[in-house]
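In order, the protein sequence lines correspond to chains A and B.
If you read the first sequence in the working numbering, its first letter stands for residue 3, the second for the next number, and so on.
If you read the second sequence in the working numbering, its first letter stands for residue 4, the second for the next number, and so on.
Be careful, since some hints might not be right.
[What the hints assert, rightly or not] Pairs of lysine to any residue residues, derived as SDA-like cross-links and limited to a Cα-Cα distance of at most 25 Å, are as follows:
| id | chain 1 | residue 1 | chain 2 | residue 2 |
| --- | --- | --- | --- | --- |
| 1 | A | Lys110 | B | Asp220 |
| 2 | A | Lys202 | B | Lys144 |
| 3 | B | Lys144 | A | Lys113 |
| 4 | A | Lys110 | B | Lys144 |
| 5 | B | Lys144 | A | Asp197 |
| 6 | B | Lys37 | A | Val192 |
| 7 | B | Lys144 | A | Ile149 |
| 8 | B | Lys96 | A | Ile147 |
| 9 | B | Lys223 | A | Gln155 |
| 10 | B | Lys223 | B | Lys37 |
| 11 | B | Lys223 | A | Asp197 |
| 12 | A | Lys202 | B | Lys96 |
| 13 | B | Lys37 | A | Ile149 |
| 14 | B | Lys144 | A | Ala31 |
| 15 | A | Lys202 | B | Phe101 |
| 16 | A | Lys113 | B | Asp59 |
Don't read these hints as lab results, they were simulated from the structure.
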Amino acid sequence: MDRRIFLRAIAVLGAAGFAFPGRPWAEPAQDAEKFIQGLAGQAISTIADRQLSDSERAIRFRKLFVSHFDIQEIGRFVLSRYWRQATPEQQQEFLTLFEDLSVLTWSKRFKEYNGETLEPTGAGKDGERGWLVESRIVRNQGPPIPIQWRLRQGDDMAFRIVDIIVDGVSMAITHRSDYAAAMQANGGKVDSLLDTMRSKLITLRAEG
Amino acid sequence: MRLKIKSKRRAFLCLAALGFLAAGCATPPPPEDKEGLAEYNQINDPLEPLNRTIFDFNDTVDVYVLRPAAQGYRAVVPPFGRDRVADFLDNLKSPLYFANDLLQGNPGQAGTTVARALLNSTFGVLGVMDVAKHMGISGHKSDLGQTLGSWGMEEGPYLVLPFYGPSNPRDTAGMIAESFGDGLDIYLQDNHLRWVSWTRMGLSGLSMREAYLDPLDDVKRTSLDYYSAMRSLYRQRRAAQVNDAIHPGQPGQHPQMTQKTDPAKSR
């Protein structure tokens with residue numbers, strides 16, 4: 003009796019392995035590439051439409067941004083040593099403002115979309131739970147732009163982007179330098195930085 | 004003890020470079036603030052106040068002169084024309100690219116440069132058309148600062164040059180040395196055609212400024228601190244270019260993202 007149950011259990015597990023690729027039996031490097039390809043496809047189909055109003059574009063971009071990027075991780079990296087000095091309320095406020103700033107600056111860039119395509123060209127492991135996807139943007143004019151995506155797999159095995167490296171320049175590192183300088187200009191106080199971020203948001207929104 | 008020696012060297016650098024502009028040097032954080040000091044050393048911008056002043060000056064010149072000129076250039080000359088100008092100017096630099104490719108120990112790259120120069124100068128009518136690219140031989144640039152970097156020379160502290168913008172001691176030295184080694188300029192000088200050299204320089208500046216109109220506008224608009232954002236972008240870009248010289252054709256070394264404030268590779 004036990005042996006039959008045991009054998010049946012093995013059969014079910016084996017079948018599950020074939021029926022549900024995506025769990026450990028799948029090829030994560032390809033999954034990582036597909037993740038980026040999927041993001042690009044969704045971005046082009048939902049955001050790159052020139053007819054969209056700015057507010058609608060921002061809403062759609064935010065949806066993609068929140069679901070594909072690890073904002074917590076990026077925010078902590080950008081704030082670096084000041085993160086620990088901040089209270090939980092300040093940290094939360096920072097992440098919210100950071101998300102708003104990112105949405106405003108990036109969704110505007112999609113306004114200029116002109117038929118570019120994103121081609122993943124490979125992926126490799128990057129630490130214990132990290133992946134690095136190589137890709138390039140093919141434009142109508144000029145050479146293709148190499149872009150690397152740094153992904154991290156969470157406990158739920160879902161991919162999230164923690165950095166974009168364009169032509170050798172890391173967005174996270176650039177932001178970190180920028181924010182560190184803004185912190186210093188504000189006497190090292192997190193509240194002052196939050197004020198600076200709020201003013202920046204107002205300025206960007208006023209641009210239209 | 005090592006820190007003491009480092010700040011001694013920095014102090015000397017400050018004094019030697021600007022005996023009369025002592026106000027241009029930054030004040031490092033006190034040694035008790037270990038994280039602050041680590042950050043200060045990693046940023047490596049001991050001349051920050053002076054650099055910021057020059058940066059602001061450059062920005063003013065840019066807002067009132069360079070940017071409008073570049074916009075005018077873009078408005079008046081169609082993309083086809085601007086591309087021809089860029090291709091022509093790029094072709095003129097082939098001897099320097101070739102020299103640097105060799106110095107970097109990249110014979111393959113050097114060969115590509117020669118092939119491109121020959122193809123573009125003949126079929127491309129003196130370099131006005133980049134026919135080589137259409138044949139699959141795409142171009143690259145090499146400069147002396149990049150070469151020195153590929154030999155292992157550190158870039159040194161951040162410098163903002165008047166008009167030329169972001170740089171560092173190594174790249175500045177490279178630029179100056181190259182200006183003495185530019186064969187075309189030497190020829191023009193010897194034949195009393197200095198004005199052609201100046202025209203070429205002006206056109207180069209205009210062409211490059213036009214190419215960077217959108218990216219620079221974007222950085223200025225979206226950054227909290229334009230100066231530091233540019234510093235970070237410049238340094239990362241340069242590091243990537245030096246890496247290209249050491250490993251041509253391979254994707255770059257990846258800047259590490261660590262939660263520690265370890266200064267290691269990030270800028």
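### Query
Among all the numbered hints in the text so far, which are the ones the structure does not match?
2, 3, 4, 5, 9, 10, 12, 13, 14, 15 and 16
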